[in-house]
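Participant: One-letter residues, chain by chain:
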Amino acid sequence: SAVISQKPSRDICQRGTSLTIQCQVDSQVTMMFWYRQQPGQSLTLIATANQGSEATYESGFVIDKFPISRPNLTFSTLTVSNMSPEDSSIYLCSVKGSGGYTFGSGTRLTVV
Amino acid sequence: RKEVEQDPGPFNVPEGATVAFNCTYSNSASQSFFWYRQDCRKEPKLLMSVYSSGNEDGRFTAQLNRASQYISLLIRDSKLSDSATYLCVVNTGGYQKVTFGTGTKLQVIP
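Line by line, the protein sequences are chains A and B. Position 6 of the first sequence, counting from 1, maps to 6 under our numbering, and the rest follow consecutively. Position 31 of the second sequence, counting from 1, maps to 31 under our numbering, and the rest follow consecutively.
Same shape as in the complex, but just chain A (with noise of 0.2 Å):
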């Protein structure tokens, strides 16, 4: 299964500001996966990210506040713009493969 490289794994920022965090893949991969997972919950799909697109949002999220770039096959970026408290969550990126979903290791992002 493919392997993904996530960073930062855990960033504390300020409101108002912005945050990108990256997901690296080490394979070339159609679509990738961006994921929201909030402190005691399951995780909730943020967006799917293909190549030479735009990014899909699904309901609840839109491209000013999260976009997102896929400037290849193997690298994808998730933007937090503006963040306030209730943005305190893990961001996850993921791709599927023959076996199923990998998932990067995270970012947990405190906003203070």
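Note that these hints are calculated values from the structure, not bench results.
No farther apart than 27 Å at their CA atoms in a straight line, the calculated lysine-lysine pairs in the DSSO-like style are these: (1) B:K97 <-> A:K65; (2) B:K2 <-> B:K97; (3) B:K79 <-> B:K42; (4) B:K42 <-> B:K105; (5) B:K42 <-> B:K97; (6) B:K42 <-> A:K7; (7) A:K65 <-> B:K42; (8) A:K65 <-> B:K2; (9) B:K45 <-> B:K79; (10) B:K45 <-> B:K105; (11) B:K105 <-> B:K2; (12) A:K7 <-> B:K97; (13) A:K7 <-> A:K65; (14) B:K45 <-> A:K7.
Some chain B residues well away from chain A (every beta-carbon gap over 10 Å; in silico): (15) A20; (16) T24; (17) E56; (18) G58; (19) T61; (20) Q63; (21) S68; (22) R76.
Which residues of chain A face chain B? A partial, calculated answer using Cβ under 7 Å: (23) M31; (24) S42; (25) L43; (26) L92; (27) K96; (28) G100; (29) F103; (30) S105; (31) G106.
Glycine included, each C-beta is placed from N, C-alpha and C at the ideal position.
Chain A is fixed; fit chain B onto it per the hints.
Facilitator: Showing chain B alone in chain A's frame:
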């Protein structure tokens, strides 16, 4: 009705016990089903896919009931190391999109 529903638990069981988790899904067109395991402060990791005929991997058995739209996970001879949250994952749309259940927390007690 939620797309994917699980009993959140927690399930507290003694070592050696057998424990079963169920998960129901609402989209009858769902095609792919998985069980994931998530340890505290870690990312989810694939435990096993769920096949129509049911499948087994050591102490773990997964089953699918399409008519009733649920999947199950059975863990036999529970170990302390099985303590984790078990996530039911279902393909709920096209282009590989999946939905996660809220997870069932298992605590195996010595």
